Every structure is written in C-alpha cells, then in structure tokens.
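Starting from the known structure of chain R, fit chain G onto it as the hints suggest.
These protein sequence lines are chains R and G, in that order. Using this note's numbering, read the first sequence as starting at 1 and increasing by one per residue. Using this note's numbering, read the second sequence as starting at 104 and increasing by one per residue.
I should point out that these hints are in silico values taken from the structure, not numbers from a laboratory. These figures come from a predicted structure and were not determined experimentally. Some hints could be false.
Some, not all, of what chain G presents toward chain R, calculated at C-beta under 10 angstroms [what the hints assert, rightly or not]:
id, residue
1, E176
2, F180
3, P182
4, E184
5, G312
6, S335
Glycine residues also receive a C-beta, built at the ideal position from the N, C-alpha and C atoms.
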Amino acid sequence: MASTIRVRATNNGDITEVQALIQHPMDSGFVKDSKGEIIPAHFIQQLTFEYDGKPVFLADWGGGVSKDPYVKFAFKGGKKGDELKVSWVDNKGATDSTTAKIG
Amino acid sequence: MMKLRAVRFGFSALALAALVFVLPATAADKIDPVADAKAFKKFFYDKFPKLKPEDFVNGPYSMDEGLHRQWVEKEQFPPYEFAVEAGKEMFTKPFKNGKTYEDCFPNKGIGIRQNYPYFDEKQGKVVTLELALNQCREGNGEAPYSYVRDEMASLTAYMAFTSRGKPFDIKIPNDPRALAAYEQGKEYFYTRRGQLNFSCATCHVQSPGERVRTEVLAPALGIMNAMPIYRSEWSGMGTTSRRFVTCNSQVRGVPFNPQDDEYRNVEYYLSYVANGLPISGPGARP
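The following block holds chain R by itself, in its conformation from the complex (with noise of 0.2 angstroms):
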C-alpha cells in the first residue's frame, strides 16, 4: 500500500514551509450511508510533524476536519537537505509514517 501522506517541504532562508496532503476517510460519526445506518466515527486524533526529534507542529484533529486533508504551515529552521517526519494516529489506532526531505 502506498504512503497516504504527500508532503512537500521547502526552505527559503529563515523558513521551511510544509504542505501536505493525507488520504483518510474523517468520518465524523454522524453521517448515514444509504442504506440509513451511520458510519462510525473514523478520523485522524493527532498529526505530528517532527523536525531533528521535536515537533514543530502537533494537531488534535476530531471528526470535524474534512476528508483527505490539507495542511499548509511554515517554521522558522530547517536546512536543505535535512530530514522532516510527518505521523498521524487515528481513533482506531491506525498509523501511518513518511519522512521528506527538505528541498
């Protein structure tokens, strides 16, 4: 299965700015299918954004947030070349990982 995190990371001087773009379905719990039985609630809790061992950004995310989320941020840091880690953890326990390398 292929990574359902897409990041890009660029540093301009001062600045690394972050984007990325991750596959999940955010069910909220409260929505029907067709057939009129909910969906269980199914979102990410927390996105981790990890730059040489500390967090530079951290989200507590509920059902709220839409699906395949988008998240744009920048921090003041970083280098060409270094090595950014972006992890999620959702309600069910699921996990995912990637690194990306600063451009």
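Chain G in isolation, oriented as in the chain R frame:
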C-alpha cells in the same frame, strides 16, 4: 492570349469553387462539424478576448481571478494525486486471465486520452474512454465497474494524466452513423430539459464565468479536456458520466443512465468542438 484566358478561367473557377464551398456551410440544415467547431471556438474567443485558447481547459479557474490564484496553489498539491496513483496501480495489475488494461489499448494505454471518444464503425456507436475500459474488463471476464464510482475515475485519471498537453484529436469518420451521432450530441446539448428548463448551453455557453449560487460556471469549450475531475463539492473524484448525471439532476431533470447513447453522443460533440485544445485532466474543481 490563349494562356491569359486559361489563367482567367482558372481564377474564376476557383472563385466559384470557394463560393460553392461557403454557401452550404451557412445553410442551417446541413451538418458541418468543421464549421461548427470553428464557430464554437470563435464564440468563446470573442466572449473572453483576454484568454488564450489553452486557458479554456481550466474551466472556471480561467474566468475568475480569485479562483485562479486558489487554483495555482492547489495545483502544487492536487487533490487528484491519490486517484492518479491508484489508477496507475490498477492499470498494470493483471486480470484473472493474466492480461491487463494495457493489452486493450493502443500504445498500452499511455498518452491516448485525446483520441477518445471515437466512433467505432464495427459497433456502430460512439465509444468513450469509460466504455472502452469496461469493454476491456468484460472482454477479459471481469465484472464492469460502475461508471460513476472511484475505480473508473482513477483509471481515467491515470490515462488523462499520461496524456496531458496533447491536443484533442477527435475524428468523425466518413460514415453517416458517425455524423448522426455527432448531430444528436449537438441537439442534446442545445435542448432544454428539466423543471428549470435549462439546456447544457444555458449555463455553459450563455453564462460561463457567471455564478450559480457560489459556483463559477465553466465554459463549454474545453470542458471535456479536464475530465475526470476531483470536485470539492463531492469531496472525491468524478467521471464524465457522473458529471452529466449530476448536471441533469441539477436542472431538475431525470438523468439518463451513465453511458447511454445521449451522454456518449454529447461527449462526442463536446470533445470534437474542443479539437486542438490540450488535455488538462485530471482536473480539480470547486
């Protein structure tokens, strides 16, 4: 003297030929796809003089400056990326009999999107890319996919992605049935339907760039080039079939079944008049 006369005769014969050529093209009762396509393009080029022809394939994003900025940013991280990847995986994965989609298409299915739909003289009907994919599945003993669901969108997304930038090259063979299919597609496009009494053209010829509620309407020219599309409204991918079906229900009409004659023919018409414009699919739309 003789020579001069001959030249003069040749000249007037040419003028006459030109006259003969021009006259039937203006007659409304004759089916002339070449003239149609020219007039269709001219209408849009005149309506939006600032746009380059290839801008039209990006639909509403070319019509509205704010949307355009959003789109530029979106394209750096396009939401259809997952579908392209899934499509690529599916495309090369063998069926139960060991064959793959590659065996069903010219050039192994790579870079051929711009040739679909085409008129198949053996089947006597228009064959769209979606239909061809399901015919490939059935020919290899697999159950066909739903035309409106994700698998079909992923496959066509991958095929469109490998064909990006190639100009639409839809041909109408010298076959009265092909010309009839084209004409039916055109008729469908301009026929009003549904409780709202809208034709396709009401929105996509008369009012591209205008808003219907929050949406900016796409121009009919180049609308097929971007298919299939990721629509934020659907939070997912949709095929050409899905788009036609939802368009029909939005005007409160009763949609046909995906890939019915009417839809394949209108796709044939719309693709033909966009000949020469590059494939931009898969697209992202609001």
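Going through the hints against the structure:
A least Cβ separation of about 9 angstroms between G/E176 and chain R falls short of the 10 angstroms threshold, and the interface hint therefore holds. Taking 10 angstroms as the C-beta contact cut-off toward chain R, the hint placing G/F180 at the interface holds, the least distance being around 5 angstroms. Annotation: interface hint on G/P182 holds; nearest CB of chain R at approximately 6 angstroms, less than 10 angstroms. About 6 angstroms separates the beta-carbon of G/E184 from the nearest beta-carbon of chain R, less than 10 angstroms, and the hint is met.
For G/G312, the interface hint is violated, since its Cβ never comes within 10 angstroms of a Cβ in chain R; the closest pair sits about 27 angstroms apart. Checking G/S335 against chain R: minimum C-beta separation of about 9 angstroms stays under 10 angstroms; hint holds.
Hint 5 from the list above is the single one not met by this structure.
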